[in-house]
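Chains as they are written, first to last, in the numbering used here: chain A, 1 to 277; chain B, 1 to 663.
For the record, the hints were derived by calculation from the structure and aren't laboratory data. Source: prediction; values computed, not measured. Wrong hints could be hidden among the right ones.
Straight-line distance between alpha carbons at most 20 Å, and here's what the computed EDC-like set of lysine to aspartate or glutamate pairs gives [unchecked claim]:
(1) A:K151 x B:E41
(2) B:K54 x A:D58
(3) B:K272 x B:D536
(4) B:K54 x A:E52
(5) B:K163 x B:E148
(6) A:K56 x B:E49
(7) B:K54 x A:D192
(8) A:K61 x B:E49
(9) A:K61 x B:E53
(10) A:K61 x B:D40
(11) A:K56 x B:E53
(12) A:K151 x B:D40
(13) B:K75 x A:D194
(14) A:K275 x B:E53
(15) A:K61 x B:E41
(16) A:K42 x B:E49
(17) B:K54 x A:E274
(18) B:K75 x A:E52
(19) B:K229 x A:D194
(20) B:K333 x B:E386
(21) A:K257 x B:E41
(22) A:K262 x A:E82
(23) B:K54 x A:E41
(24) B:K659 x B:E630
(25) A:K43 x B:E49
(26) B:K54 x A:D194
(27) B:K397 x B:D246
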Amino acid sequence: MSLTITNKSTSSCSKYEFSIYEHTLTLVDLDKYILDTLYDEKKLNYLFQVDEPLKKADRIKQLQRFIGNPFRNREKDVLDAEILKNISDNSTNQSYYTFFAEALLARLNIDFIDNKLVTGVLRIGDNISVTGHGADGCMYSENNLVLGEAKFYGNLYNGAYKIITDNSFISKEGDYISRINGANNITIKGIDGDITTKTEEEIKKIPLTLSGFVLHTHETPNTKYDTSYNLVNNIKIKDFPANYKIHLYHLPIESKKDLIFKAQRMAIDLIIKEKGL
Amino acid sequence: MINQNNREEIIKLLDSSKDDVSIEDLFLFDLSPYYDEKLDESFFSKQLEFIQEKNRLHHNPNISFTNEQIWIYQKLLENRRSIVSAPTSFGKTMLIKEYIFNKQPNKVVFIVPTNSLADELLDDFKLLYSDLGYIIFDSIKKLDTIIEKSIFIGTQEKYYNLKEFYVDKIDLFVIDEAYKLTDPVKGSREVILNRSFIDTLENSEKMILLMPLVNSIVGLEHLNFKILKSDYAPVAKSFNAIKKLDLKINEEINKNDNTSLVYFNYPKNLEKFYLKNLKSVQNPLLLNNEWIQRVEDDFHPDWLPIQALKSGIGIHYGPMPKFIQKKVIDLFKSRQIKNVLATNSIIEGVNTPTKNIYIVTSKDILGKNDLVRYKNLIGRAGRLGEHKVGNIFYLEKHQTQFEEANVSYKDINIKFILEDKSELFEVNREDNFSEEFVNKDQTQSVNNLDTYFEDTSYSEIPQSEVIKLIDKHGFTVKQLKLLLEYIRKDNIKLLGIIGTLVGKTDLNSLNVTLNSKFSSFNDMVQELHSKNEKIDKSKVISTLIDMIYSFLPFKVVPLLNFIIDIDELYKEYSSSALFSNKVIIEAKKKKAQFYSKFIGLNNPTHESLVVVNKLFEYGIPYHRTKPFLETITNSIPEKFSIHDIKKIVFEDESMNELKIYFE
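Assemble the whole structure, with the sequences as input and the hints as a guide.
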């Protein structure tokens, strides 16, 4: 079971390099792929503390980030019904989808763009405040800078194209491009605490990738999915330099709630195993 | 740039408008203490949450180390000798607490500059470490070796008295505010601190010196100290020049909204300011009348700190019984009073929730003379967890002085006096100089006692014996030389010796204080006031308190002991006495008068003397403790602090009368 690049297209204006990641998995297998990839011991540890060796206590703390507060440190007593009830009672499930999608985006960027990428924050110029951040904003390595946007949409319509037309995606790259010009003091700080400073010239030499990630819920009935799935030919982004790359991941899922349930159940089971309960 | 100035900008922004700061800004500037205020449901927040949880302190899981603290903590683990140089709000004490909790060194000595700070830490450490089997103490009942799992917390003077009982190596030796080792030797405090440091160097497995942030530290190169510096401070400062500072202070104290500390150089400036500007203030105070009544009975109703406290304003300065200082700090911490007028007594280490500091008198604190103390003072403004930004207000006309003082730490360089060859001689024992910290060239160039004794008739006395005596009583060779020169004159009097060695002395107060005819505090006040009714009565009361609780026990009595002992030594090695019989009789008489009147024991056992000294040091008048002294002495553990006395008092109903001093 794997996620592979099955198609790599260029838009009709022949200007941009796109990498479209599609899959050949069943929806059930895709859920499993997502969770196996995310909770892999080494991979998860890398997201939280890069090169620090993993201790048992760290593994538990990392997995606990994926379960609801009421379940922490009483994992053995948590029944499926309780998780399901928590999901159906919880009006803030949206926030779970958000961070979950961001974590997955970070993972996929590392797996498919550059395995040295680290999540971090980016500060341009002398403004005090930060510009881009986190998996949803900034990942970097010596060879790559990735600005990303993760989304968990409610339906399948428009496929990967949907992220391209999403204002938050467009404004993120627009903001970056407008601010980077003339800025001579760019600071990047990774989650591992490492700080890198670059000049405008130096940062422009690092290949920039815009990374869009979409988890779509499979709705019923399935409307226009097949025809709207791959619309990259239509992509036009104003003032987007030709040398920048765009990576788009598109992962349809059967049901958001099911995925959240599986994500929490699996994290709880792994914690129980780690604790030897 | 990720620097402290920009970090402070973020803190100020967070303080004024939370929405303008993101969790990412806090991450970029290492402001993890504020993460909780901005964590959201992003994965980035989850990543930071993990780091926070991983960095949680074992001794206090509500707090996590910052990156800078982690870095320094690791270095502390690796190095046998370290100096931690960081700003006031860095959390230096936190590093030590965590080290003790994690590593559980068997014998710990933690030297602090003031009794007030010692008291605060004793409280804190007792809660933290008693369950780990530690005995927390600052006094011992019997003169016995210290071998058990224990933490001593106290001033250098207290440690110096116990030093010889640490026969095995001390596992962790810490000096807080260790920049004081760089102070010029003016009196016994500096001498004893330096001797404590030097004498313990070889008798400690691990030594850590804590001090404010400075640029360079010179003088310890031979001792292999690892210097660990950080400019990290999670609290910002805002500086404000004010044209009419007294009006501003009056306005703020009347408003009684924010916690403010008003700083003065000396108690007399403080009292003058209060009488001129604040006497009419009436802020609410929830303090039981019984406590006020007791202080008025024990001391005097006209004493200004009590009058001020009744108006909801705290006064904290040196010449004040410790239990009253403690009450003022407790009331300030719990915000029952929001304003405290204070002198240097509050600068060193006492942790207060201060939002604003007003620097009223600038002499000695602003300007180039004492930058470290200035930094320490302004470091009191702001408090992690309570006030993100601390405000410092000063007089507009002090702007130039202020700018001179408000330099970057990069312009502050300190030099340990061990580097100074002549001072080195003063603070160390001639006969057991450690070659480790003085190379041979330096040793050869150091003056020795012969230089001082040349052409005198005292050369027959062995130097090592003289050194032992000046060590024991906390004097310096320079002071000994002064004494020897003074007594060459004719018609020597004891008061003249006191004046020569401890400085200007108020003879009227000294005589009245030691005169048994004036038995109560009020009698002494009346007598002194009747001699000069123009002086404010409160000033007379303050002078007397200073005389009883500071000047006599810490300056005069040690000198009397020194005179008596050195005279004995002289007699032993030469045919005549050093001082006239009259001087020695007078010295013994004054010592006996002091002990009889204020300590209340004529022939005390060592144990009861230790206990009564402790109660006296805390400020409880002898006549209050006398009925319970035997019970307390019998019940107190072998190693104890004032907190153990408090426990005994609270567990024994017959001692209800004493409870009020500890409440």
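Do the hints match the structure? See the list:
The straight-line distance between the Cα atoms of A:K151 and B:E41 is roughly 14 Å, inside the 20 Å bound, and the hint therefore holds. Between B:K54 and A:D58 the CA atoms are separated by roughly 7 Å; this keeps the pair inside 20 Å, and the hint holds. Proximity of B:K272 to B:D536 is assessed by CA-CA distance (about 10 Å); at most 20 Å being required, the pair is judged to hold. Restraint check for B:K54 and A:E52: satisfied, since their Cα atoms lie roughly 12 Å apart, inside the 20 Å limit.
About 15 Å separates the Cα atoms of B:K163 and B:E148, which keeps this hinted pair within 20 Å; it holds. Taking the CA atoms of A:K56 and B:E49, the gap is about 17 Å. The hint holds against a cut of 20 Å. Proposed proximity of B:K54 and A:D192 is supported: the alpha carbons are some 13 Å apart, at most 20 Å. Note on A:K61 and B:E49: the hinted pairing holds, with a Cα-Cα distance of about 9 Å set against a maximum of 20 Å.
At roughly 8 Å between alpha-carbon atoms, A:K61 and B:E53 fall within 20 Å of each other, so this suggested pair holds. Taking the CA atoms of A:K61 and B:D40, the gap is near 18 Å; set against the 20 Å cutoff, the hint holds. Restraint check for A:K56 and B:E53: the C-alpha separation of about 14 Å stays at or below 20 Å, so the hint holds. Simply put, A:K151 and B:D40 have alpha-carbon atoms about 16 Å apart, close enough for the 20 Å limit, and the pair holds.
Our distance criterion of 20 Å between C-alpha atoms is met by B:K75 and A:D194, whose separation comes to about 19 Å. With a CA separation close to 17 Å, the supplied pair A:K275 and B:E53 stays within the 20 Å bound. Between the alpha carbons of A:K61 and B:E41 the distance comes to roughly 16 Å, so the proposed pair stays at or under 20 Å and holds. The suggested pairing of A:K42 with B:E49 holds, with an alpha-carbon distance near 19 Å, which does not exceed 20 Å.
With a C-alpha separation of about 17 Å, the suggested pair B:K54 and A:E274 falls inside the 20 Å cut-off, and the hint holds. Between the alpha carbons of B:K75 and A:E52 the distance comes to roughly 18 Å, so the proposed pair stays at or under 20 Å and holds. With a C-alpha separation of about 19 Å, the suggested pairing of B:K229 with A:D194 holds against the 20 Å cut-off. A distance of roughly 11 Å separates the Cα atoms of B:K333 and B:E386; the hinted pair therefore holds under the 20 Å criterion.
Proximity of A:K257 to B:E41 is assessed by CA-CA distance (about 17 Å); at most 20 Å being required, the pair is judged to hold. With a C-alpha separation of about 13 Å, the suggested pairing of A:K262 with A:E82 holds against the 20 Å cut-off. With a C-alpha separation of about 17 Å, the suggested pair B:K54 and A:E41 falls inside the 20 Å cut-off, and the hint holds. For the given pair, B:K659 sits about 17 Å from B:E630 by alpha-carbon distance, which is consistent with the 20 Å threshold.
Between A:K43 and B:E49, the direct Cα distance comes to roughly 18 Å. Compliance with the 20 Å bound is thereby established for this hinted pair. A hinted pair counts as satisfied when its Cα atoms are at most 20 Å apart, and B:K54 with A:D194 qualifies at roughly 18 Å. Our distance criterion of 20 Å between C-alpha atoms is met by B:K397 and B:D246, whose separation comes to about 13 Å.
No hint from the list above goes unmet by this structure.
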